[in-house]
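> Chains as they are written, first to last, in my numbering: chain A, 1 to 434; chain B, 1001 to 1299; chain C, 2001 to 2294.
In short, the hints are calculated from the structure, not lab data. Even glycine gets a Cβ: it sits at the ideal position worked out from N, Cα and C. A portion of the hints provided could be inaccurate.
The calculated lysine-lysine pairs, modelled on DSS-like cross-linking and capped at a C-alpha distance of 27 Å, are [what the hints assert, rightly or not]:
1. Lys2291(C) / Lys1215(B)
2. Lys2044(C) / Lys1153(B)
3. Lys109(A) / Lys2044(C)
4. Lys2139(C) / Lys291(A)
5. Lys2044(C) / Lys1189(B)
6. Lys2044(C) / Lys330(A)
7. Lys2011(C) / Lys1215(B)
8. Lys2139(C) / Lys183(A)
9. Lys66(A) / Lys1153(B)
10. Lys2060(C) / Lys416(A)
11. Lys2060(C) / Lys1123(B)
12. Lys2044(C) / Lys140(A)
13. Lys1083(B) / Lys291(A)
14. Lys434(A) / Lys2002(C)
15. Lys66(A) / Lys1083(B)
16. Lys2044(C) / Lys434(A)
17. Lys1073(B) / Lys2004(C)
18. Lys2011(C) / Lys1123(B)
19. Lys1189(B) / Lys2011(C)
20. Lys1215(B) / Lys2098(C)
21. Lys434(A) / Lys2060(C)
22. Lys2185(C) / Lys2291(C)
23. Lys1208(B) / Lys2139(C)
24. Lys308(A) / Lys248(A)
Between beta-carbon pairs, the in silico distance windows are [claimed, not checked]:
25. Ala127(A) / Leu1047(B): 58 to 64 Å
26. Val2063(C) / Gly1075(B): 44 to 50 Å
27. Trp2140(C) / Leu1047(B): 52 to 58 Å
28. Ile2273(C) / Ala127(A): 49 to 55 Å
29. Gly2195(C) / Ile1091(B): 57 to 63 Å
30. Arg1086(B) / Ile119(A): 38 to 44 Å
31. Val2281(C) / Thr1077(B): 34 to 40 Å
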Amino acid sequence: MKKLSIVITLLILVSLVLSACGPKATPEPEGPVSFEGQTLRFLTIQPHNVAAINLAAWFEQDTGAKVELIVVPYDNVVEKAVLDVSSGANQIDVIEYWYPGLGTMVENKVLDNLDQWYIDNAAMIKADDFYPEYFDVFTKIGDSRYGIPYDGDLHVLWYYKPLLEKYGFEPPKTWDEYLNICKTITEGEAGAAYGCAIMGAKSPLILIGSFMNRFGGYGGSFFDAEGKPVINSPENVKALEDMVEQAKYALPTPSATAFDEALGGWFTAKVAMVEFWTDLGSMTDDPASSKIVGQWGVVALPKSSGDKGRVVAPINAGFGIGVSAGSQNKALAYKFLEYVTRPEIAARYNSVIGGIDPVRKSTLNDPAFVTFIGQEVVDAIEAAHANAVAWPTSSIWFKLQEPLTDNLSLALTGDKTPQQALDDTQVAWEEILK
Amino acid sequence: MATADDLPMETIAGHNRKKTVAQILLGFFFGRPARIALLLIFIAMILVPIFYIAMTSLKIPIEIRTSGAILPKTGITFENYVKAFRNVPLIRYLFNSLFVAVFSTILVLCVAVPATYSMVRFKTGGAFLNAWVLGTYVMPPIVVSIPILAMVKMVSLQDTLIGLALVHTMANMPIAVWLIDSYIRSLPKELEQAAWIDGYTKFQTLLKVVVPLIKPGIISAGVICAILSWNEFLFALIVTYGVNSNTFPIGISRYTGEHGLQFGEMSAAALVGIVPIYILVLLFSRDVVEGLTRGGVKG
Amino acid sequence: MKEKIERYMPKLMVLPTFIILLIISLVPLIYVLGISMTDSTISKPFTDFIWFENYKQAFKDEVLGTSLKNTLLFAFVVTAIETFLGFLLAYIMRFEKKLGQFFRTLVLLPLFTPPVAIAMIWRLIYDPNQGMLNYYLQKWGISTAPIAFLGQTELALPSIMLADIWQWTPFCFLLCMSALQALPKEPFEAAGVDGASGSYIFRRLTLPMVAPNVLVIFLFRFLISMKVFDLVYMLTFGGPGNSTQVASFYIYRVAFKQFQTGYGGALSILMLILVSVLAMVLTQGRELIMKRTE
Chain A
1 MKKLSIVITL LILVSLVLSA CGPKATPEPE GPVSFEGQTL RFLTIQPHNV AAINLAAWFE
61 QDTGAKVELI VVPYDNVVEK AVLDVSSGAN QIDVIEYWYP GLGTMVENKV LDNLDQWYID
121 NAAMIKADDF YPEYFDVFTK IGDSRYGIPY DGDLHVLWYY KPLLEKYGFE PPKTWDEYLN
181 ICKTITEGEA GAAYGCAIMG AKSPLILIGS FMNRFGGYGG SFFDAEGKPV INSPENVKAL
241 EDMVEQAKYA LPTPSATAFD EALGGWFTAK VAMVEFWTDL GSMTDDPASS KIVGQWGVVA
301 LPKSSGDKGR VVAPINAGFG IGVSAGSQNK ALAYKFLEYV TRPEIAARYN SVIGGIDPVR
361 KSTLNDPAFV TFIGQEVVDA IEAAHANAVA WPTSSIWFKL QEPLTDNLSL ALTGDKTPQQ
421 ALDDTQVAWE EILK
Chain B
1001 MATADDLPME TIAGHNRKKT VAQILLGFFF GRPARIALLL IFIAMILVPI FYIAMTSLKI
1061 PIEIRTSGAI LPKTGITFEN YVKAFRNVPL IRYLFNSLFV AVFSTILVLC VAVPATYSMV
1121 RFKTGGAFLN AWVLGTYVMP PIVVSIPILA MVKMVSLQDT LIGLALVHTM ANMPIAVWLI
1181 DSYIRSLPKE LEQAAWIDGY TKFQTLLKVV VPLIKPGIIS AGVICAILSW NEFLFALIVT
1241 YGVNSNTFPI GISRYTGEHG LQFGEMSAAA LVGIVPIYIL VLLFSRDVVE GLTRGGVKG
Chain C
2001 MKEKIERYMP KLMVLPTFII LLIISLVPLI YVLGISMTDS TISKPFTDFI WFENYKQAFK
2061 DEVLGTSLKN TLLFAFVVTA IETFLGFLLA YIMRFEKKLG QFFRTLVLLP LFTPPVAIAM
2121 IWRLIYDPNQ GMLNYYLQKW GISTAPIAFL GQTELALPSI MLADIWQWTP FCFLLCMSAL
2181 QALPKEPFEA AGVDGASGSY IFRRLTLPMV APNVLVIFLF RFLISMKVFD LVYMLTFGGP
2241 GNSTQVASFY IYRVAFKQFQ TGYGGALSIL MLILVSVLAM VLTQGRELIM KRTE
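Model the full assembly from the supplied sequences, consistent with the hints where possible.
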């Protein structure tokens, strides 16, 4: 007992000393210019942890202000920000947000309106330099802007050359070819490798992304021109039917495949084709984590072979950065926003491993970036931009995506037919939109 | 403190009587070889995942992706450890967790021991209070998270260790009441009555007579509360933000990089976190674990 | 004055607990109850009063039904197995004093491992392509194709249960051990003198005497396991389909993913009623048991 109490006493002492040494809460406001000694709190997502660590180090070097990272899982970022502001805790200064959550965040008054900021800083921002397909969906709700584009995230099709060559295949142009290749390779390899990996884990970002890759190619959509839901349109049903069929031959098993599992299969030469974001190539060429350095190729996603078919590059994932309405140090927050916006800084954080993909045309043409990611990927990104399609960003979307995710997952497991799953989604959506 | 344990099993089972088949089977079941075999199986089941964590932390990242074999095949590396410390302020998280666990546990005990004593001995609050305490514990934390965060903010303790410790205190208080309850119940009333006759006040009786007698109960409640606080995830996720107050469980979940989950680094971090606690428990196993399991208080 | 304090001492002793209970349950309860009758979102609480619309909606909600069913099934299965294994382990350790002492701390290891780490390691164990379980199942010829433990409707919930059993059996073991140690010594000595066999002592003495306590442990763990969240959150997200959708995860989803705090509040209240009824049964049951054993 005596030992125990000594240890406890020591612990308390040490902790008191340590907490006393911790950074003080509010630094004295100095001049408008120097941010020396101040601390900014940047809410970022785990997959971008390394990028944020780099960014923080550069920012501190250039301005003297410390950046403390608040790192949360990629699917928690919107709720963390909303909770912070609505509870009045107001600990966060700058927010990296998943763009389909933008409407929700604006509705909950989490983000500062940046209209004036855009006008005041137009020369520095160079808004024309942003890809237009990112710029509005990532930042604009109604007529106002609430953030800047940070990480562009298009899906393209990656393939592992040796496996496709072994069976004499070219990369697929249509989803029918895709199914055929996937099936042939999976059956031919008998468990040693699989023709494709399909991300179907039950998370909206993952599962709806995979679905959108397909129905986009069939000419389907979430809503019609008048904004009415058409989730159970014939194109969408056909796309889901095909996805369920493809899933039978995919890396086991789509229902439990999120991007960790898909990457695991890809890096170890177990997967011939995977739909993934545009930074996969540079990751794959890191021999520490990959067995297939230099053995990959990349093309646009397949389309439907029917006459409605078109090539799409859905923006699955994709992140913007905005200033928290609850920030207690707005001057510093805007300084950071400005820093991240600068084209030369953007080129810099896109050219190191960190999971950030370009949102600026100038980044894509930056020599350092081209060297980093390879000309082939640059071409693929360029081609994909013409076909980019975005997710909805209105405030109702977060309510809609959950029933869709449920039903897609139920279709994948075979508990519902694709038709029934999408019919049920349609009913749920109409109910929510009423 | 002699209990049934202190009797050698052989003297109990030694006498031969006529046995039915069922009894022979049962006898085998409670025989020494079967017991030891079962024990070893249990231990193996418990240790395999931990051992898997340890081995994973030593593997080269690419091998973790390739093979499910427990032992590393392509050599071992300490790179995971280096990275685990480089990318995430692990030591700070461990310290934060420890502080919150110890601080909240001490508070819990200070509050729960007198309350339980009063509820058991003087029936304060009756069955209603009892059910309320338990109802509070089984309430899913998710239900109360928004008002809790707002209240933490009201006292300006958001993003502080004290704030999280207070939340844990409130969350764990009911379980401490529940655990200490049965220890107080098993005390003979006569002891306390004698103390009152000697002129002790109720509070003095609690401190000088009851607390020493239910020490094992207090230790076991304390250890369980500390463990619950150490492991707690949801409140920590909501109430804490950055490095000042993030706890170890939140820290581990940060090992997701651009290459997906970093199983090697996560394993290394997890091991770094559990080994000191484990050593601490081993060191004090006589005090903690014995006290934890001693339970019955028969003077 | 002194006498007055003395008279109110019992109430004073309960006061801090009472205040904590108010803070942690009554204030949130009023908040949640109020919000459950509105159509509010997270930043605009208490707007659009709609009485019991949310509750009406809840009774029609299929996912809620599924998640309640899953929660009860989960809680019952894991609690039964954990209590049984915990008791067995505690019982064995009583006789193997030397070994027991050595192993006792080892057995507790899962308790000191944060659930986040536990979820991580089980995710790796279950992985069809790079996981330990499939590797050995295939190596030993038990299965030919990889099994997706977390990706199949019928396997996902049992897989989560197994991880939970691994994590919580030590907890039940601790409580069972405590219960066994608390048994009085005299009856066992008498039985020893009479020359009763080990199994006889177990059936006639140990089991009847310890059963009430084990039942309490069972009920207690049952209530805790109704809260299951971490493992679902980190292993399956309620999927595939709705096969691992449990109540607290569903509430989390409604309130923090869809930000329908009003409806989430109504679900919380329903869950709370269910749990309170069970808790009431538990405290009453314990009261009865305690009376019988006293």
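> Are the hints correct? Go through all of them and say.
Okay, the hints, checked on the actual structure:
Taking the CA atoms of Lys2291(C) and Lys1215(B), the gap is near 24 Å; set against the 27 Å cutoff, the hint holds. This hinted pair checks out: Lys2044(C) and Lys1153(B) have alpha carbons roughly 18 Å apart, not beyond 27 Å. Among the hinted pairs, Lys109(A) with Lys2044(C) is consistent with the structure: their alpha-carbon atoms are about 10 Å apart, no more than 27 Å. Simply put, Lys2139(C) and Lys291(A) have alpha-carbon atoms about 23 Å apart, close enough for the 27 Å limit, and the pair holds.
Under the criterion of a C-alpha separation no larger than 27 Å, the hint pairing Lys2044(C) with Lys1189(B) is inconsistent with the structure, at around 54 Å. With a C-alpha separation of about 24 Å, the suggested pairing of Lys2044(C) with Lys330(A) holds against the 27 Å cut-off. In summary, the hint linking Lys2011(C) to Lys1215(B) is supported, as the alpha carbons are separated by about 23 Å, within the 27 Å threshold. Note on Lys2139(C) and Lys183(A): the hinted pairing holds, with a Cα-Cα distance of about 25 Å set against a maximum of 27 Å.
Under the criterion of a C-alpha separation no larger than 27 Å, the hint pairing Lys66(A) with Lys1153(B) is consistent with the structure, at around 24 Å. Taken as a hint, the Lys2060(C) and Lys416(A) pair is honoured in the structure, with Cα atoms around 19 Å apart against an allowance of 27 Å. Of the pairs offered as hints, the one joining Lys2060(C) and Lys1123(B) is violated, with about 42 Å between alpha carbons and a cut-off of 27 Å exceeded. Proximity of Lys2044(C) to Lys140(A) is assessed by CA-CA distance (about 22 Å); at most 27 Å being required, the pair is judged to hold.
Straight-line distance between C-alpha atoms of Lys1083(B) and Lys291(A) comes to about 21 Å, which keeps the hinted pair within the 27 Å bound. Among the hinted pairs, Lys434(A) with Lys2002(C) is inconsistent with the structure: their alpha-carbon atoms are about 66 Å apart, more than 27 Å. Between Lys66(A) and Lys1083(B) the CA atoms are separated by roughly 22 Å; this keeps the pair inside 27 Å, and the hint holds. Straight-line distance between C-alpha atoms of Lys2044(C) and Lys434(A) comes to about 20 Å, which keeps the hinted pair within the 27 Å bound.
Between Lys1073(B) and Lys2004(C) the alpha-carbon distance is near 74 Å, which puts this suggested pair outside the 27 Å criterion. Annotation: proposed proximity of Lys2011(C) to Lys1123(B) holds, straight-line Cα distance about 10 Å (limit 27 Å). Among the hinted pairs, Lys1189(B) with Lys2011(C) is consistent with the structure: their alpha-carbon atoms are about 19 Å apart, no more than 27 Å. Between Lys1215(B) and Lys2098(C) the alpha-carbon distance is near 25 Å, which keeps this suggested pair within the 27 Å criterion.
At most 27 Å may separate the alpha-carbon atoms for a hinted pair to count; Lys434(A) and Lys2060(C) meet this at roughly 17 Å. For a cut-off of 27 Å, the pair hint linking Lys2185(C) to Lys2291(C) stands: about 21 Å separates their Cα positions. A C-alpha spacing of about 62 Å is found between Lys1208(B) and Lys2139(C), which places the hinted pair above 27 Å, so the restraint is violated. Proposed proximity of Lys308(A) and Lys248(A) is supported: the alpha carbons are some 25 Å apart, at most 27 Å.
Remark: the range hint 58 to 64 Å for Ala127(A) to Leu1047(B) is upheld by a beta-carbon distance near 59 Å. Under the hint 44 to 50 Å, the C-beta atoms of Val2063(C) and Gly1075(B), about 48 Å apart, fit the expected range. In this structure, Trp2140(C) and Leu1047(B) break the distance hint of 52 to 58 Å, their C-beta atoms being roughly 20 Å apart. Checked against the hint of 49 to 55 Å, the C-beta distance between Ile2273(C) and Ala127(A) comes to roughly 54 Å, which is consistent with it.
As the Cβ distance of Gly2195(C) to Ile1091(B) is approximately 60 Å, the hint placing it in 57 to 63 Å holds. The supplied range of 38 to 44 Å is met by Arg1086(B) and Ile119(A), whose beta-carbon atoms lie about 42 Å from each other. Checked against the hint of 34 to 40 Å, the pair Val2281(C) and Thr1077(B) fails, with Cβ atoms roughly 54 Å apart.
The structure fails hints 5, 11, 14, 17, 23, 27, 31 (numbered hints given earlier, in ascending order).
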